[in-house]
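Given next are the chains, with one letter for each unit.
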Amino acid sequence: MALLEIRNLHVNVEGTEILKGVDLTIDTGKVHAIMGPNGGGKSTLAKALVGDEAYEITEGEVLYDGKDLLEMDPEERAREGVFLGFQYPVEIPGVSNTYFLKAAVNAMRKHRGEGEIDAMEFLELVRERAKRVKLDESLLQRPVNEGFSGGEKKRNEIFHMSVLEPKLGILDETDSGLDIDALRIVSEGVNAMRDGERSFMVITHYQRLLEHIVPDVVHVLVNGRIVKTGGKELAQELEDKGYEGFDEAAA
Amino acid sequence: MSASTETIERFTQKGYEAGFVTDVEEDRVPPGLNEDVIRQISAKKNEPEWMLEWRLKAYRNWLTMREPDWQYVHYDPIDFQAISYYAAPKRDEDRPESLDDIDPEIKATYDKLGIPLHEQEQLAGVSNVAVDAVFDSVSVATSYKEKLAEQGIIFCSMSEAVQNHPELVHKYLGTVIPYNDNYFAGLNSAVFTDGSFVYIPKGVRCPMELSTYFRINAANTGQFERTLIIAEDSSYVSYLEGCTAPMRDENQLHAAVVELVALDDAEIKYSTVQNWYPGDKEGKGGVYNFVTKRGLCAGDNSKISWTQVETGSAITWKYPSVVMRGDNSVGEFYSVAVTRLRQQADTGTKMTHIGKNTKSTIVSKGISAQEGEQVYRGLVRITPTAENARNYSQCDSMLMGSECGAHTFPYLDVNNSTAQLEHEATTSKIGEDQILYCTSRGISPEDAVSLIVNGFCKEVFRELPMEFAVEAQKLLEVTLEDSVG
Chain A
1 MALLEIRNLH VNVEGTEILK GVDLTIDTGK VHAIMGPNGG GKSTLAKALV
51 GDEAYEITEG EVLYDGKDLL EMDPEERARE GVFLGFQYPV EIPGVSNTYF
101 LKAAVNAMRK HRGEGEIDAM EFLELVRERA KRVKLDESLL QRPVNEGFSG
151 GEKKRNEIFH MSVLEPKLGI LDETDSGLDI DALRIVSEGV NAMRDGERSF
201 MVITHYQRLL EHIVPDVVHV LVNGRIVKTG GKELAQELED KGYEGFDEAA
251 A
Chain B
252 MSASTETIER FTQKGYEAGF VTDVEEDRVP PGLNEDVIRQ ISAKKNEPEW
302 MLEWRLKAYR NWLTMREPDW QYVHYDPIDF QAISYYAAPK RDEDRPESLD
352 DIDPEIKATY DKLGIPLHEQ EQLAGVSNVA VDAVFDSVSV ATSYKEKLAE
402 QGIIFCSMSE AVQNHPELVH KYLGTVIPYN DNYFAGLNSA VFTDGSFVYI
452 PKGVRCPMEL STYFRINAAN TGQFERTLII AEDSSYVSYL EGCTAPMRDE
502 NQLHAAVVEL VALDDAEIKY STVQNWYPGD KEGKGGVYNF VTKRGLCAGD
552 NSKISWTQVE TGSAITWKYP SVVMRGDNSV GEFYSVAVTR LRQQADTGTK
602 MTHIGKNTKS TIVSKGISAQ EGEQVYRGLV RITPTAENAR NYSQCDSMLM
652 GSECGAHTFP YLDVNNSTAQ LEHEATTSKI GEDQILYCTS RGISPEDAVS
702 LIVNGFCKEV FRELPMEFAV EAQKLLEVTL EDSVG
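For the record, the sequence lines run as chains A and B.
Residue 225 in the numbering used here sits at position 225 of the first sequence, with consecutive numbering throughout.
Residue 709 in the numbering used here sits at position 458 of the second sequence, with consecutive numbering throughout.
Wrong hints could be hidden among the right ones.
To be verified - Derived Cβ-Cβ restraints for the label pairs, each shown as a range:
#1 A/S138 x B/A676: 42 to 50 Å
#2 A/K131 x B/E675: 30 to 38 Å
#3 A/E116 x B/K535: 39 to 47 Å
As the list claims (entries may be wrong) - Subject to a maximum C-alpha distance of 20 Å in a straight line, what follows is the list of computed EDC-like cross-link-like pairs (lysine to aspartate or glutamate):
#4 B/K680 x A/E53
#5 B/K680 x A/E146
#6 B/K725 x B/E697
#7 B/K422 x B/E401
#8 B/K680 x B/D698
#9 A/K102 x A/E76
#10 B/K680 x A/E91
#11 A/K110 x A/E80
#12 A/K110 x B/E518
#13 A/K110 x B/D698
#14 A/K228 x A/D27
#15 A/K131 x A/D179
#16 A/K102 x B/D698
#17 A/K67 x A/E146
#18 B/K607 x B/D484
#19 B/K610 x B/E518
#20 B/K709 x A/E91
#21 B/K398 x B/E298
#22 A/K20 x A/E56
#23 B/K607 x B/E624
#24 B/K709 x A/E80
#25 A/K30 x A/E5
#26 A/K30 x A/E211
#27 B/K610 x B/E654
#28 A/K102 x A/E128
#29 A/K167 x A/E56
#30 A/K67 x A/E80
#31 A/K102 x B/D578
#32 B/K422 x B/D484
#33 A/K102 x B/E728
Read the hints as simulated data drawn from the structure, not as lab findings.
Note that CB positions come from ideal geometry on N, CA and C, so glycine has one too.
From just these sequences and the hints, can you work out the full model?
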């Protein structure tokens, strides 16, 4: 069953059209990889899906779980189970990582009509999930992303995802800036969440991430359009040949 | 305008919750200022001759002074003759003998503001705070007095102190902020009406927070309170003041003076949560908060710490300062100031190092929203005698929206080469990317702003006494948020 259906999506950024009619369907439990050259519109797609208002939707529709995703505010999308792991996670000085996550967890529980999470239960949850992505426990008490290394920030995004347990995890270039060990840890964190129910959109420039998170479907996004869709072998093909041929196909 | 800019705008347009007027009969001196008015005030308060003489000396000197204009705020000239210099709730008795004697209207006012005057509530263990409440020009109630007196602590209104402890008032009044210190302190010295007086004897650690709530109620009145806190050798006191005023179209002048004296090994912690009426969004009305606050670390190893959370007033102009005269003494200043609507604030601190090994810390957090304008102005002065003085200054500004302003003027005056000074300053815009990061994790934009702002102010909030930290956080939330959404 389709969890996410994107139809003819056009998106402008500061008056320039970046996405020029994207069609894409992700079924429940599937992992889709979005590959493509820089400037092709990969991050734009991610930001448009979480509702960043700098990204103006000019045409098209997005159905999420049968509902009109574009009608929802960003927090509603999150509460309905959409998660974005940011390419560049921001710092929030003075707000501890744990405090922040607790606010997020409680906002989602409230949305589901549940009461606030028990403090001990929450602490156990975050400790267990931190261990899963090998996030240093000291980072739990530090302000969100403040003074984190590039790798720690990315790992923290996966940690947030594993605590919030979304239905759709969108990972925007989570692999960039990670060394091979960190890449493996992050991938394991994602793989541990693949349970046949949860879907992922993994955005990456390189094939190497997809050796660890093996996708069901690979899409190539060039110049604002999906120019090719295939199985996991398509990633290897891109690695070997590059995107050049696709540029022409798109033009 | 983008949706999240709109969100920020909405948060910052929250109404003023303390803006009601209390209907009480007043005893007030007609507007105008001259020696007769001062004599009248002094007579009403049944003051000794030396007190009146000091007032008159201050007044005569004030007449020769010029209103300062160097500060980065703009307002129409104040007509000092249009102000009434004394307004007191009218009472049958001269002064309430106990809390039960307080006018129920005033009691209700303080209840509305959430200020507990009832000792029984406090004794029930809800909070461990002794309260002095100043309504317009007079102190209406001081709680817990007897319990404090057992340890020799004096906590009363300034008027009572002049009557009952004239030797202490005479010895210390004006020693930190003299009558000719500056224009508004000079005016205050001439016409001050009430305020709080605290005396902590040698070796006593004050067992509870002492607190004063100030409220300007009467129209066309100035409030000129004067507070004096003396901490004898090896004593400790934590003191908090809170301030509110009704919403009125005309401006109200508040020119207070606070003097602190810490002797050898003594510590004074002075916290302020200020929420005077800020005026409306066209800039009409609101309190002019022109206050002089200074602490003197007179003794060796003494410490004075100012912590303030300021969200109110149309114009704020004040620099709580510390003069570190004793060797090894410590001065601290922690401040959160919010300017929104058309509020203007020129605020900061002065740290004067005189003794050896003196140390000062300045942490200033400014938040500007809407058309708020804010200036941090700080002076760190190291005198030639201050061997090994150290200062750390941190000034952070946060801007919400694009029509507000933040300016930083740090001044240094270093006259001893052994001094070590550090200064850090940042200006950040509350980012739409920060808000998106929060909302994309399910947190509402309202909660996101409050989370980000509270995080920004954390270093200051943690300096406040526990129960007031919560109060300050709430105040900031209602100031910057719109609960309706």
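20 Å Cα cutoff - pair A/K102, A/E76: 17 Å, holds
Straight-line alpha-carbon gap B/K680 to A/E53, limit 20 Å: 17 Å, holds
Given pair status - B/E654, B/K610, alpha carbons within 20 Å: 37 Å, violated
B/K422 paired with B/D484 [C-alpha distance capped at 20 Å]: 16 Å, holds
Hinted pair B/K607 and B/D484, Cα distance within 20 Å: Distance ~19 Å between B/K607 and B/D484 Cα, so the pair holds.
Given hint B/E401 paired with B/K422 - CA-CA distance at most 20 Å: 23 Å, violated
Distance restraint between A/K102 and A/E128, which requires alpha-carbon spacing of 20 Å or less: Holds, because 15 Å separates the two Cα atoms, which is no more than 20 Å.
20 Å limit on alpha-carbon distance, applied to hinted pair A/K110 and B/D698: Between A/K110 and B/D698 the Cα gap is close to 14 Å, so the pair holds against 20 Å.
Straight-line alpha-carbon gap B/K610 to B/E518, limit 20 Å: Distance ~14 Å between B/K610 and B/E518 Cα, so the pair holds.
Hint consistency between B/K607 and B/E624 [alpha-carbon to alpha-carbon, up to 20 Å]: 37 Å, violated
Restraint check for A/K102 with B/D578, where alpha carbons must lie at most 20 Å apart: 46 Å, violated
20 Å limit on alpha-carbon distance, applied to hinted pair A/K110 and A/E80: 12 Å, holds
Of the numbered hints stated above, those contradicted by the structure are hints 1, 7, 12, 17, 21, 23, 24, 27, 29, 31, listed in ascending order.
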